[in-house]
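Asker: Chain A is fixed; fit chain B onto it per the hints.
Protein chains: 2
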Amino acid sequence: MKLAVDAMGGDNAPSEIVKGALEAAKNYSCEIILVGDENKITEILNAEEDWKNLSITVKHAAEIIEMGEHPADAVRNKKDSSIVVATKMVKDGEADAVLSAGSTGAAVAAAQLILKRIHGIGRPAIATPIPTPNGVTLMLDSGANVDSKPEHLLQVGIMGSLYAEHVLGKKNPRVGLLNIGEEETKGNEQVKEAYQLFKSSSTINFIGNAEGRDIPKGNFDVVACDGFVGNVVLKFGEGLATTIFELIKEAIDNGGISAKVGALLLTPTLRSLAKRLDVSENGGAPLLGVDGCCIISHGSSDAKTICSAIKIAAEYVNSDVLGHIKNALEKEYSGS
Amino acid sequence: MKLAVDAMGGDNAPSEIVKGALEAAKNYSCEIILVGDENKITEILNAEEDWKNLSITVKHAAEIIEMGEHPADAVRNKKDSSIVVATKMVKDGEADAVLSAGSTGAAVAAAQLILKRIHGIGRPAIATPIPTPNGVTLMLDSGANVDSKPEHLLQVGIMGSLYAEHVLGKKNPRVGLLNIGEEETKGNEQVKEAYQLFKSSSTINFIGNAEGRDIPKGNFDVVACDGFVGNVVLKFGEGLATTIFELIKEAIDNGGISAKVGALLLTPTLRSLAKRLDVSENGGAPLLGVDGCCIISHGSSDAKTICSAIKIAAEYVNSDVLGHIKNALEKEYSGS
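As you go down the protein sequences, you meet chains A and B in turn. Note that the numbering used here has the first sequence beginning at 1, numbered continuously upward. Note that the numbering used here has the second sequence beginning at 337, numbered continuously upward.
Chain A with its partners taken away, still in its complex shape:
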């Protein structure tokens, strides 16, 4: 498995990206191509004495797409940017997957413009695993598209179901449609129409509408939604989890001596829990619906996150989920 990593994307690039790649190269059997400023990347690599014995190479790309730039314009104009060069490697068969922690919009635009959408898919979707007490709920779309039509929601549900089955190892995944109530008459026009499409699809195991609370509770394996709602929910969840743990810390600081002693005794327990709930710990989210493997990491990714995202990219490629999605769409639309 060959993976093109955008070494220049993300708040901690290139340093943490390169370190994460080094870590992954030591632990997983994959070839990593770091794409970006050759001098900077090599300088970081050189801190690791024997990096040349690892399956890591560097491919120079002179430009960087910044967070504020208009994604599609930037992808069209900056042909030598790290994300464009890395994505082209997948298109040209020089890599099996591309990974970026840079501008999500740019990564999505590059994938759409260069890899193109899978035949039958109207909009690609970012599939984010949300931690639950018993594993994860895959929520998608979490921000690739913000004006989904009902048929796009169904496509999103089908892709999520196949990803949950073939990559996350869930049998007959329970698929839900994000809505404001359980009843099929609830919701806006978009989800009411989508409900009927989900109900008549033979490709997925649709078990009904999911409400917001069902996502963290893990009552569904896959929850399909428009990218506007998904993105707001994802960021709200990040903010709420952070706030709760800050408030716990504050309450302890303002508590008496027994609260402080209690906290000291509980620290290891709470720390591992906080990690488990931290969405950025889940490494990478696949962009489903484009004709190639594209994994998007959180902008704040550190080396550990990148390493886990590389593992996810390898699982994506090895599971051939792309082939499964293509087959399923053919089946769905041929009505067989």
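Hints were generated in silico from the structure; no laboratory data involved. Misleading hints may appear alongside valid ones.
Label-pair distances were calculated between CB atoms; the ranges are [stated by the list, open to error]:
1) B:Y669 with A:I257: 52 to 62 Å
2) A:E246 with B:N363: 31 to 41 Å
3) A:D73 with B:K535: 15 to 25 Å
4) A:G135 with B:E402: 30 to 40 Å
Idealized CB from N, CA, C, for every residue including glycine.
Answerer: This is chain B only, laid out in the frame that chain A set:
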């Protein structure tokens, strides 16, 4: 202040509703009219020896609107239901406000059909206070309407700002528009158009787009959104907060002896924090935009929640926020 309370609405009705009313009648200077099954209500009241000395009366209503019923149809057909009778009392000047923990849809439908919308308001909105480290963020609409147009979002922002100022006591409230990014070019068509309306309104202190994470962090006083998104976010928050505290409990149960001792010492601290974050502890959410005071409580409300919701109803009425909203809309639409 006279308050009509729907004694039959909610998971714990009528018992907890009546107990909450008794508690409020002892603590706040308001007259409470309990609306619903007279026999059942009186039986619960009689458990309190001297309830006849309190400012509580009972008004009989024979019917109940159940959770599963179609809201508008039920309001039209069940003219003797507790929520319809209670709402009519406000319309007829027999009460200053109505409070219900029953079907939210029915309460909204009753308010729209009986009290009518304020002139200039296209859609009413439920304004829910979300706890933050420094107080609350008022998020609205959290579920009254699911297909808002840009002008509805602006109306929602204006009403939220006035409620935050006159009831929550915030000076020059910081108003945000819920979106997937800070830049004004971000989002779907609905919010991009709304952004321009917010920017040119002289009635509110619009400080820009709010992302999901800004709500729990308290970076805005008021966050305006469509009721679909708001409802999903609200329920997601409830689910996530519950899940986090369940996971903390589970981690402690599975932890060693030091984790258990630590937990014991920390219990009072964590318990008060959990209460502070519990949205249902915030009592009631006003339905803004209808021509009368209507407060909606969580379906799972207990006596304490109802008591705090009654306090909120009193504050709403005493602040004359309704008059302020009418004036502001006149100003906004006259362009002065």
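Asker: Each of the hints needs a verdict: does it hold here or not?
Answerer: The hints, checked one at a time:
A beta carbon spacing of about 59 Å between Y669 (chain B) and I257 (chain A) agrees with the range 52 to 62 Å that was offered as a hint. Distance hint check: the CB atoms of E246 (chain A) and N363 (chain B) are about 33 Å apart, consistent with the given range 31 to 41 Å. Remark: the range hint 15 to 25 Å for D73 (chain A) to K535 (chain B) is upheld by a beta-carbon distance near 23 Å. Separation of G135 (chain A) from E402 (chain B) is about 35 Å and conforms to the stated range, judged on CB atoms against 30 to 40 Å.
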